[in-house]
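Colleague: Read off the chains here:
Number of protein chains: 2
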Amino acid sequence: MTIQSFIPPQRTLMGPGPSDVSPRVLSALGRPTVGHLDPSFVGMMDEVKSLLQYAFKTNNTYTMAVSAPGSAGMEACFVNLLTPEDTVVVCRNGVFGARMIENVQRIGAKVIIVDCPWGRAVDPQALEDTLKQNPQAGFVAFVHAETSTGALSDAKTLCSIAKKYDCLTIVDAVTSLAGVELRVDDWGIDAIYSGSQKCLSCVPGLSPVSFSDKAAEVIKNRKLPVQSWFLDQSLVMEYWSGQGKRSYHHTAPVNSLYALHESLVMLQNEGLEQSWARHKAQHDKLSKGLRDLGLDYIVPEQERLPQLNSVYIPKGIDDVKVRQYLLNEYNLEIGAGLGQFAGEAWRIGLMGYAARSENVALCLAALKDALTQ
Amino acid sequence: MTIQSFIPPQRTLMGPGPSDVSPRVLSALGRPTVGHLDPSFVGMMDEVKSLLQYAFKTNNTYTMAVSAPGSAGMEACFVNLLTPEDTVVVCRNGVFGARMIENVQRIGAKVIIVDCPWGRAVDPQALEDTLKQNPQAGFVAFVHAETSTGALSDAKTLCSIAKKYDCLTIVDAVTSLAGVELRVDDWGIDAIYSGSQKCLSCVPGLSPVSFSDKAAEVIKNRKLPVQSWFLDQSLVMEYWSGQGKRSYHHTAPVNSLYALHESLVMLQNEGLEQSWARHKAQHDKLSKGLRDLGLDYIVPEQERLPQLNSVYIPKGIDDVKVRQYLLNEYNLEIGAGLGQFAGEAWRIGLMGYAARSENVALCLAALKDALTQ
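Just so you know, the protein sequences line up as chains A and B, in that order. Here the first sequence is numbered in the working numbering, starting from 39 and rising by one per residue. Here the second sequence is numbered in the working numbering, starting from 39 and rising by one per residue.
Among these hints, one or two may not hold up.
Ranges of calculated distance between the beta carbons of each label pair, as one might list FRET restraints [what the hints assert, rightly or not]:
hint: 1; chain 1: B; residue 1: Asn369; chain 2: A; residue 2: Asp223; range: 38 to 44 angstroms
hint: 2; chain 1: A; residue 1: Asn307; chain 2: B; residue 2: Pro122; range: 47 to 53 angstroms
hint: 3; chain 1: B; residue 1: Glu276; chain 2: A; residue 2: Asn369; range: 26 to 32 angstroms
hint: 4; chain 1: B; residue 1: Pro61; chain 2: A; residue 2: Arg394; range: 28 to 34 angstroms
hint: 5; chain 1: A; residue 1: Pro77; chain 2: B; residue 2: Glu276; range: 40 to 46 angstroms
hint: 6; chain 1: A; residue 1: Gly81; chain 2: B; residue 2: Gly354; range: 30 to 36 angstroms
hint: 7; chain 1: A; residue 1: Ser279; chain 2: B; residue 2: Asn259; range: 39 to 45 angstroms
hint: 8; chain 1: A; residue 1: Asn307; chain 2: B; residue 2: Ala136; range: 52 to 58 angstroms
hint: 9; chain 1: B; residue 1: Lys318; chain 2: A; residue 2: Glu367; range: 27 to 33 angstroms
hint: 10; chain 1: A; residue 1: Arg394; chain 2: B; residue 2: Glu396; range: 41 to 47 angstroms
hint: 11; chain 1: A; residue 1: Leu409; chain 2: B; residue 2: Ser272; range: 34 to 40 angstroms
hint: 12; chain 1: B; residue 1: Thr121; chain 2: A; residue 2: Asp357; range: 38 to 44 angstroms
hint: 13; chain 1: A; residue 1: Gln312; chain 2: B; residue 2: Asp223; range: 53 to 59 angstroms
Computed list of lysine to aspartate or glutamate pairs in EDC-like fashion (alpha-carbon distance at most 16 angstroms, straight line) [what the hints assert, rightly or not]:
hint: 14; chain 1: B; residue 1: Lys359; chain 2: A; residue 2: Asp76
hint: 15; chain 1: B; residue 1: Lys95; chain 2: B; residue 2: Asp251
hint: 16; chain 1: A; residue 1: Lys359; chain 2: B; residue 2: Asp76
hint: 17; chain 1: B; residue 1: Lys201; chain 2: B; residue 2: Asp153
Not everything, but these chain A residues come out facing chain B in the computed CB check (under 8 angstroms) [stated by the list, open to error]:
hint: 18; residue: Ile41
hint: 19; residue: Ser65
hint: 20; residue: Gly243
hint: 21; residue: Thr289
Just so you know, these hints were derived from the structure itself, not from any lab. Glycine included, C-beta positions come from ideal geometry on N, C-alpha and C.
Turn these sequences into a full structure, and let the hints guide you.
Modeller: Printed below as a string of structure tokens:
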């Protein structure tokens, strides 16, 4: 056995993530590794925290990046806030709502499911009806941007309903952060997690999270230890807090954090609102082009995510063959359908650095070619 | 607020990890991101698996890298194998044995502690005495290379004792893998975890793990779901298995895996036994030089890790001042003491790419200068 160095192909990534990574971010990623307690690194972590507060539109002290992918960020939110005594209302309109339910069940807490059709936003009325009937519920969890379908839920309204029934909110913003309007403080979100590899266009492997003071209080006052040592945020916070001596918890993924820092600097330079607007503008171009190709969206227009475009595969077209053709002929990746839409849809991502005119043009031209092969 | 790009200083990393990363690995890390289901990437993952089997000296099918740091790899081993019904004997001779106990307790399983002095190997007789008195124990866990003290335990003997009492073994090889002799199959290790950022000299953030067929059987037959969704290895294995269709679990940290692949290719090219020998040879040079500087090791010679050299801070010498001087004047990082040895010792790492003559020479010269300031 002699295995050689791996030289990856140069792809254009327009699937559900990872999204295209800017050369600036890749260059930051490859900078020399320093120790995770190096004064220079610790200063950079403080900046990451500030930049994440900016991206989340929050002043939450407990804002940081979990040293693992988005699904670990999800788990961090659930295992730190919940105990088996709790009741959680989870809204499910796709794969990631279902994953939230898995998380609650593995904690042994009670879950009440608000089921909404796949490919649609969560129905606020359905949430309110459920909360009315279940006064014991203490938490409401939902996915802001369902990556499996491309549906955007109205996080502001859902949070205000949750507040009305005295529930803390846990929000999945894996695909929404930096791609659509998201205001953690204004909307009253108590725990939120995202992923580095979507609209931040950083490499995959990190999960930005933020906890409101109320959520931090719940974590601080819990009697049962968090079931995960690695994800125990009260321990992690001592490393990220920046107050006094930083205590060692685990070795931070130093280089990945360089990359996250750089992607957030780029976001700051562009401006958050400008980033939202760019995603929308490119989406408008793409959706017009897709319509011209005769492709239909799964999600109704007013509930669509600009950054994730799910369209039905036309009758008679071979899903796998088209995606392979795009990959082999154009080095272009688009996503397959997931869950209920496996084999039925394509998911075309316009996330972060991928939300550019040249990508939209390439995608439309390549798809046109593929569909007429 | 305007935050600039972060340009890290160029350090020489001779602490307890992360260790110096070779430019080859940094260059691999910064290669263009591809999708985590891209055929080229999936092929690379198969190679990572083969290379990890080589590094661990195992044929275990369930050999892969957890998408998070070593402490998550530790947790993956414990939460997948244990249920609250189980009894585990944990040997504690430093910080990381103590962390194993935390893991067992958070699962709700029963833990029996074999306490051994810090700075010494685990005492096989103490383990055997404990197992004799506790026939209900089903697992034995210990740290092969205690990063907090620099002590090397006799994993082969400890495993053979565990087998004698029908226990499965869980071994922490975070600092040992590729730095000292380690034979997973020959020694009968059932679950093992390591870290990317020690003697593999890859960037921090990944945890290579391997499970024996027996351990995989236990995982497959468990009735209680694993308490962590993210670390549930039966789900992760479906992604890593390479048999048939790979099912999506979480987005793999694509670029970090490029780096791990490259560091393992370098290990394969050097040869595993040659890597062990290099660590030993550089250790011999370093230990001679440290003795000449009047520095005494914590660990007796026959129990010392070549790759982690813990020495007492001489009386009258200011710990922090010396380490700051090394960092500011020489860009050289050595480690502080941890746990019982906080403020009492330095930990000098010679891990992976850092185990080179030029590093030893720099470290000795810089220390000599610092001690006479």
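Colleague: Quick one: which hint numbers does this structure break? Sort them smallest to largest.
Modeller: 8, 9 and 17
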